[in-house]
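**Student:** If you read the protein sequences in the order shown, they are chains A and B. Counted the way the numbering used here counts, the first sequence spans residues 1 to 202. Counted the way the numbering used here counts, the second sequence spans residues 1 to 578.
Quick list of in silico lysine-lysine cross-link-like pairs, PhoX-like style, CA-CA up to 25 Å:
1. B:Lys269 x A:Lys128
2. A:Lys169 x B:Lys287
3. A:Lys27 x B:Lys269
4. B:Lys545 x B:Lys404
5. A:Lys143 x B:Lys287
6. A:Lys135 x B:Lys233
7. B:Lys269 x A:Lys149
8. B:Lys269 x A:Lys113
9. B:Lys287 x A:Lys135
Away from chain A, derived, C-beta distances all over 10 Å, residues of chain B:
10. Pro44
11. His47
12. Met178
13. Gly209
14. Lys220
15. Lys233
16. His294
17. Asn309
18. Glu384
19. Val408
20. Ala540
21. Thr543
22. Lys568
23. Asp571
24. Leu572
Note that these hints are calculated values from the structure, not bench results. Predicted model, so just to flag it, every value in this text is computed and none were measured. Cβ coordinates follow ideal geometry from the N, Cα and C atoms, glycine included.
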Amino acid sequence: MNNSKLTTLSLCVEEHVLARILPILQKGFIIWSRAGCSLNELLCMQQKISSDYIAERISTIFLDGKPVDDIDKTVIHDGSSIALSGAMPGLVGAVMRRGSFYASFRDSITYKKGPDTPSQEKCMVNLKFFNIVMKELGPDFLKKGIFFKSSDLTDFLTNQSKDFWHGNKEILLNKKPVGYSLIEKGEFVLQNDLVFFSVKVC
Amino acid sequence: MEFILRIDVGAKGGPTWRKEPLGGYAGNGGRGMTSLIVSKEVPPLCHPLGARNKLVIAPGLLSGTSASMSGRISIGCKSPLTNGIKESNSGGQPGQMLARLGYAAIIIEGKPEGHDLYKIVINKDEVKIDIDNSLKMLGNYDVVDKMKNEYGDKISTISIGPAGEMKMSAASIACTDMELRPTRHAGRGGTGAVMGSKGVKVIVLDDTGKSMRTPKDPEKFKEANKIFVKGLKKHPVTGEALPTYGTNVLTNIINESGGFPTNNFKSGKFSGASKISGESEVELQTKRGGLATHGCHRGCVIQCSGIYNDKQGNFLTKQPEYETVWAHGANCGIDDLDTIAMLDRLDDDFGLDTIEMGAAIAVAMEAGLAKFGDGEAAINFIKEVGKGTPLGRILGNGAAITAKAYGVERAPVVKGQAMPAYDPRAIKGIGVTYATSTMGADHTSGYAIATNILKVGGDVDPLKTEGQVDLSRNLQIATAAIDSTGMCLFIAFAVLDQPETFQALIDLLNAFYGLTLTADDVTALGKSILKMERKFNTDAGFTAKHDRLPEYFYTEAFPPHNVTFDIKDEDLDQLYNW
Chain A
1 MNNSKLTTLS LCVEEHVLAR ILPILQKGFI IWSRAGCSLN ELLCMQQKIS
51 SDYIAERIST IFLDGKPVDD IDKTVIHDGS SIALSGAMPG LVGAVMRRGS
101 FYASFRDSIT YKKGPDTPSQ EKCMVNLKFF NIVMKELGPD FLKKGIFFKS
151 SDLTDFLTNQ SKDFWHGNKE ILLNKKPVGY SLIEKGEFVL QNDLVFFSVK
201 VC
Chain B
1 MEFILRIDVG AKGGPTWRKE PLGGYAGNGG RGMTSLIVSK EVPPLCHPLG
51 ARNKLVIAPG LLSGTSASMS GRISIGCKSP LTNGIKESNS GGQPGQMLAR
101 LGYAAIIIEG KPEGHDLYKI VINKDEVKID IDNSLKMLGN YDVVDKMKNE
151 YGDKISTISI GPAGEMKMSA ASIACTDMEL RPTRHAGRGG TGAVMGSKGV
201 KVIVLDDTGK SMRTPKDPEK FKEANKIFVK GLKKHPVTGE ALPTYGTNVL
251 TNIINESGGF PTNNFKSGKF SGASKISGES EVELQTKRGG LATHGCHRGC
301 VIQCSGIYND KQGNFLTKQP EYETVWAHGA NCGIDDLDTI AMLDRLDDDF
351 GLDTIEMGAA IAVAMEAGLA KFGDGEAAIN FIKEVGKGTP LGRILGNGAA
401 ITAKAYGVER APVVKGQAMP AYDPRAIKGI GVTYATSTMG ADHTSGYAIA
451 TNILKVGGDV DPLKTEGQVD LSRNLQIATA AIDSTGMCLF IAFAVLDQPE
501 TFQALIDLLN AFYGLTLTAD DVTALGKSIL KMERKFNTDA GFTAKHDRLP
551 EYFYTEAFPP HNVTFDIKDE DLDQLYNW
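Next up, chain A with everything else stripped away, as it sits in the complex (with noise of 0.2 Å):
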């Protein structure tokens, strides 16, 4: 990534409309790693996710669309879409749950480890949060702040109504202060790809 060309945008909110940017996190956003490394490496040791928290809250984890249940044995590759969610109802829930007792209800797209391919070269990666994870693990991120698809973080933010913006204290774009007309028409897009996000609540 070219630093220089890079486009930010902050927003300092209410706490009410916090809640109300968290969905966008269902879509995903992007992360870099590296190619070859464990799902378990990434989540832990790259992204600081605890493992108890793994361990007890992500009951279920999908890598490109399989249902995951070793995440010690899942490697990531240049393009992985990642998903993490909480334990879900239904039998079907319940199904795809890590190690779940049901786990031959889907065995033709769990997720199973090819040949080993090490690489060190760096890799971007798509991170989904749902459900709980969203709620407990998105506020965190957003602070941080995290990278998304122009396009999809303009589809956002251009479907979110008067009440919204009126729940934002502080709009920074490329660090510097705009009235929230410019985003809400979709015209803070530039010519990057990508644009840098971060929420802050105050």
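Dock chain B against the given chain A, drawing on the hints supplied.
**Tutor:** What follows is chain B alone, placed relative to chain A:
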């Protein structure tokens, strides 16, 4: 629950009723009761809309007690949709009220002469059956409003809308919720058409003057309920995911797995999933002043429902559930929650099964009657059903009839009933249940994920593909048993992971009835129900060939995983061998 209320709508001179002792039906409840009565009293080869079919309405064994989650009510008959036995159950208030009024079942039999519509009012003192033709072709919401005006707001009702009166095979029976709205439905299998064929528009229940049913051992019952509630509240599914996001929390997950049927089961990923997910739905409801956490009956601690307000902040419908959001959303290519909520409202008002209607509309879209994603067209389709136009009557008779009428091969049905929101090619184990269930394609037939505790049918290795038939069998047995208790199936998640919660459920039954049931007895109950239902279907003409998915599920690769359903016929045929 000491009595059965038997109503003969075909009696000379008008409907008659009598209160009967339970006799041979004692000790049964819910699905166990409806399937037993239908098996014993309904000729399997009778016409579902004829005089010899019967409509049976039964609260569960624990309904009307202070046991949490015990408000389900079962409705059984020979189904006009599948032509086999049917049990469809619903939440809402009527289960609790009927049980407190002392009735273990209402049996409606015979066929009235003429076209009068009947209203049945049941309270602690009497049963009254009156002609009320002012109710003709009214939607469920108007029917309930009229009943409220006549009988006050302490009642609950069981009613049909115009779809039931027109005897459509997708017609549901509506039960009122805590706010006295007809938002809870025994949706599947066309039970509403059978109620319509009996000429009964509404049953009004008033349990004023009656109190909670009393357990044989009140102390033990109270203690068991305490442990049961604690277990539900501490579990991440029943204590967090369901109360926070409702059942629609599943949309993102099933879509992510590639098993979310989209555009009439053409693919397993819907690009608009995040717009209609539970997470988005809750955010929208909260913003509009609705409710994201709400129970469908008193005594519910999970509270998986909610209140959906329109753009002006006025009540539109209850929070559309996952199956509805899928059926009218992804399966029709629609990614707008307001459109889906309007379809849900219309389904509830006309008295229609949302799964069957979503499947029928998707088939119509495949036939070229509208484009996938056209929400306005979908709303108009449902309105056609409500009006009973020729097109509406085709759609209102379900996905299979719609496919036949328009020459569409891809009808996602088993035994005539539309599949729910999980594609059986991606999640094959659920395909085993769709294929073999006595009810037709039905996800709730194998839902009670407690088989690892019950160990019904012995230990199964869940990691072996060949174990899928065994697992499905065990799930179906456990579900049939839970369906008899009046308990909401969502308790199964806590029961799966917490043996003490499962034990508390058995203790509730034991303390209430003074029994010493064990897990083996629960298994035996489930098996006996399935055996009865299977026999009814066999006698109605069903063979192993009916226990199959439609041909295209075996031949069309389903993206994104590009998988087909490949469980062998001979394996499916083993399901009832125990």
